[in-house]
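If you read the protein sequences in the order shown, they are chains A and B. Each position in the first sequence, counted from 1, maps to that position plus 122 in our numbering. Each position in the second sequence, counted from 1, maps to that position plus 10 in our numbering.
Wrong hints could be hidden among the right ones.
List of simulated lysine-lysine pairs, DSSO-like, C-alpha gap at most 30 Å [what the hints assert, rightly or not]:
| id | chain 1 | residue 1 | chain 2 | residue 2 |
| --- | --- | --- | --- | --- |
| 1 | B | LYS89 | B | LYS144 |
| 2 | B | LYS142 | B | LYS89 |
| 3 | B | LYS198 | A | LYS158 |
| 4 | B | LYS143 | B | LYS122 |
| 5 | B | LYS85 | B | LYS198 |
| 6 | B | LYS18 | B | LYS225 |
| 7 | B | LYS89 | B | LYS143 |
| 8 | B | LYS18 | B | LYS89 |
| 9 | B | LYS165 | B | LYS143 |
| 10 | B | LYS122 | B | LYS18 |
| 11 | B | LYS143 | B | LYS25 |
| 12 | A | LYS158 | B | LYS122 |
| 13 | B | LYS198 | B | LYS89 |
| 14 | B | LYS18 | A | LYS158 |
| 15 | B | LYS142 | A | LYS158 |
| 16 | B | LYS25 | A | LYS128 |
| 17 | A | LYS158 | B | LYS89 |
| 18 | B | LYS144 | B | LYS122 |
| 19 | A | LYS158 | B | LYS225 |
| 20 | B | LYS225 | B | LYS142 |
| 21 | B | LYS225 | B | LYS89 |
| 22 | A | LYS158 | B | LYS25 |
| 23 | B | LYS122 | B | LYS85 |
| 24 | B | LYS165 | B | LYS198 |
Just so you know, these hints were derived from the structure itself, not from any lab. A quick note: this is a predicted structure, and the numbers were derived from the prediction, not measured.
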Amino acid sequence: MPIVRKLNHGLLTLGQMSFLFGEIMRALTRRRLNFKDLLYQLYQIGVMSQSVVLITGAFTGMVLAAQTYLQFHKVRMDTATMAVVSVSMLSQLGPVLTGLMVAGRVGASIAAELGTMKVTEQIDALRTLATHPVDYLVLPRIVAATIALPLLTAEAMALGIGAGFYVTTVLLNVDPTYTWANMLKYTVPNHMWGGLTKAVFFGAAISLISCFKGLNCGEGAEGVGRATTQAVVMSSITILISNFFLTLLVGRILAP
Amino acid sequence: MIEVRDLKKSFGSQKVLDGITFNIEPGESVAIIGRSGCGKSVLLKHLIGLIRPDSGEVIIDDEHITALDERELLKVRRKFGMLFQSAALFDSLNVAENISFVLRRERQLTQKEIDERVEEVLEMVELPGTQKKKPSELSGGMRKRVGLARAIIYKPEIVLYDEPTTGLDPIVSDSIDQLIIRVRERLKITTVVVTHDTRSMRRVGQRILMMVQGKIYAAGPPEEIFSSEDPVIHRFVNGISDPKEEVIF
Chain A
123 MPIVRKLNHG LLTLGQMSFL FGEIMRALTR RRLNFKDLLY QLYQIGVMSQ SVVLITGAFT
183 GMVLAAQTYL QFHKVRMDTA TMAVVSVSML SQLGPVLTGL MVAGRVGASI AAELGTMKVT
243 EQIDALRTLA THPVDYLVLP RIVAATIALP LLTAEAMALG IGAGFYVTTV LLNVDPTYTW
303 ANMLKYTVPN HMWGGLTKAV FFGAAISLIS CFKGLNCGEG AEGVGRATTQ AVVMSSITIL
363 ISNFFLTLLV GRILAP
Chain B
11 MIEVRDLKKS FGSQKVLDGI TFNIEPGESV AIIGRSGCGK SVLLKHLIGL IRPDSGEVII
71 DDEHITALDE RELLKVRRKF GMLFQSAALF DSLNVAENIS FVLRRERQLT QKEIDERVEE
131 VLEMVELPGT QKKKPSELSG GMRKRVGLAR AIIYKPEIVL YDEPTTGLDP IVSDSIDQLI
191 IRVRERLKIT TVVVTHDTRS MRRVGQRILM MVQGKIYAAG PPEEIFSSED PVIHRFVNGI
251 SDPKEEVIF
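Excised from the complex, chain A in its bound form:
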């Protein structure tokens, strides 16, 4: 019964992940977080993701502006272009695309690093040195990703809107004053808060999944490869599916 086996495996993974999450919370409340380790991970996850996030944000904003203008121009709504771009960047595209890019870059790197440490007995060595792997390896990564992702998302949002505005007003010659006014008219702060709330969740989810996959990877190079792929795929799918539910939930909570 492959379906039953798959279901069992899925439930087991969820259960093990819940235990890992519980252990992380336990470590966090007992103040096991080392500030130096956190700073290093913030650099690795936040600073090192700059180029990826900047390119993603800018080009998404530009493409969205161009495509929206091409449709709106037909019905003489050119100046409403940036309203669509800004709402989309703030509430959906900013957090989701940043999440997906970070899942690819950071998720893969976390799973590969922890997986390699596991197959080369470095995690066992850590345990013999009276250090809990969650305290030293998982906690700084989870906290750093949860802090870094909203910041990276905010960057992508700002850059996307800025680049979209440039395309609309400079390249497509739409009136900047009306474009600006319409953008502010239809964009509310809750669009941004909703997007940033999602980014917090995505940061925690990517790092939790990737750490879990790394710590539980199979033997040898094949095991590390599989763990890395699974970490990226599972993080990306989690982002896409949870985005739908978070949109409903955040929309309900932040609704005026």
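Based on the hints, put chain B in the right spot on chain A.
Chain B in isolation, oriented as in the chain A frame:
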């Protein structure tokens, strides 16, 4: 004191440990020997709680460690140092950072005191001046020495060695054996060595436990094991293959 009682462990359908019982007294030096895949390393990892048994007990100084959770085990592990087969150095850290890992995390010593301790243990393992090197710049023998320095810097009561001479040439193997003996005598620690290197077991073991198919097959001082006329022991210590065993090329 280490006490192991009726320890059993299986991986899937494969029985690896099948009712192991023995004691190791404080200060004793024991070599656990046996053919590759007979469960020696698995047994060693049970002693420090890295693997949990299916049944049986491991008791360290009257504490039943099989009942402890991972965080409680961390306190017990402070009594242990372990040298892994691959040395298991943290490849993102240099030699000094690897060796001082525990001391830096405990934050009880100043940086100067830590540096002095690192220098002292590096002298002991005959690798002075290598503090800044990365593990990737070290040879196999040097990595094992650094691994040993990392295991003894916090002065543990028990040091476990998992195949310390595997993959090393005879000269380096000899120097590692000498090092194990020197560390044992200088620090007065309990030593447990898992090995299939007959020269090494004769030299470092005051008592030998021989494992066959997940059980303790024989136990005794090295002279007794090496002069045994039991065919299984005789073949193992003299490196003679069993003609009845099928060899697949």
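Okay, the hints, checked on the actual structure:
| no. | hint | result |
| --- | --- | --- |
| 1 | B:LYS89 x B:LYS144 | 27 Å, holds |
| 2 | B:LYS142 x B:LYS89 | 28 Å, holds |
| 3 | B:LYS198 x A:LYS158 | 36 Å, violated |
| 4 | B:LYS143 x B:LYS122 | 19 Å, holds |
| 5 | B:LYS85 x B:LYS198 | 21 Å, holds |
| 6 | B:LYS18 x B:LYS225 | 9 Å, holds |
| 7 | B:LYS89 x B:LYS143 | 28 Å, holds |
| 8 | B:LYS18 x B:LYS89 | 24 Å, holds |
| 9 | B:LYS165 x B:LYS143 | 23 Å, holds |
| 10 | B:LYS122 x B:LYS18 | 46 Å, violated |
| 11 | B:LYS143 x B:LYS25 | 42 Å, violated |
| 12 | A:LYS158 x B:LYS122 | 19 Å, holds |
| 13 | B:LYS198 x B:LYS89 | 13 Å, holds |
| 14 | B:LYS18 x A:LYS158 | 42 Å, violated |
| 15 | B:LYS142 x A:LYS158 | 20 Å, holds |
| 16 | B:LYS25 x A:LYS128 | 26 Å, holds |
| 17 | A:LYS158 x B:LYS89 | 27 Å, holds |
| 18 | B:LYS144 x B:LYS122 | 21 Å, holds |
| 19 | A:LYS158 x B:LYS225 | 47 Å, violated |
| 20 | B:LYS225 x B:LYS142 | 44 Å, violated |
| 21 | B:LYS225 x B:LYS89 | 26 Å, holds |
| 22 | A:LYS158 x B:LYS25 | 44 Å, violated |
| 23 | B:LYS122 x B:LYS85 | 26 Å, holds |
| 24 | B:LYS165 x B:LYS198 | 10 Å, holds |
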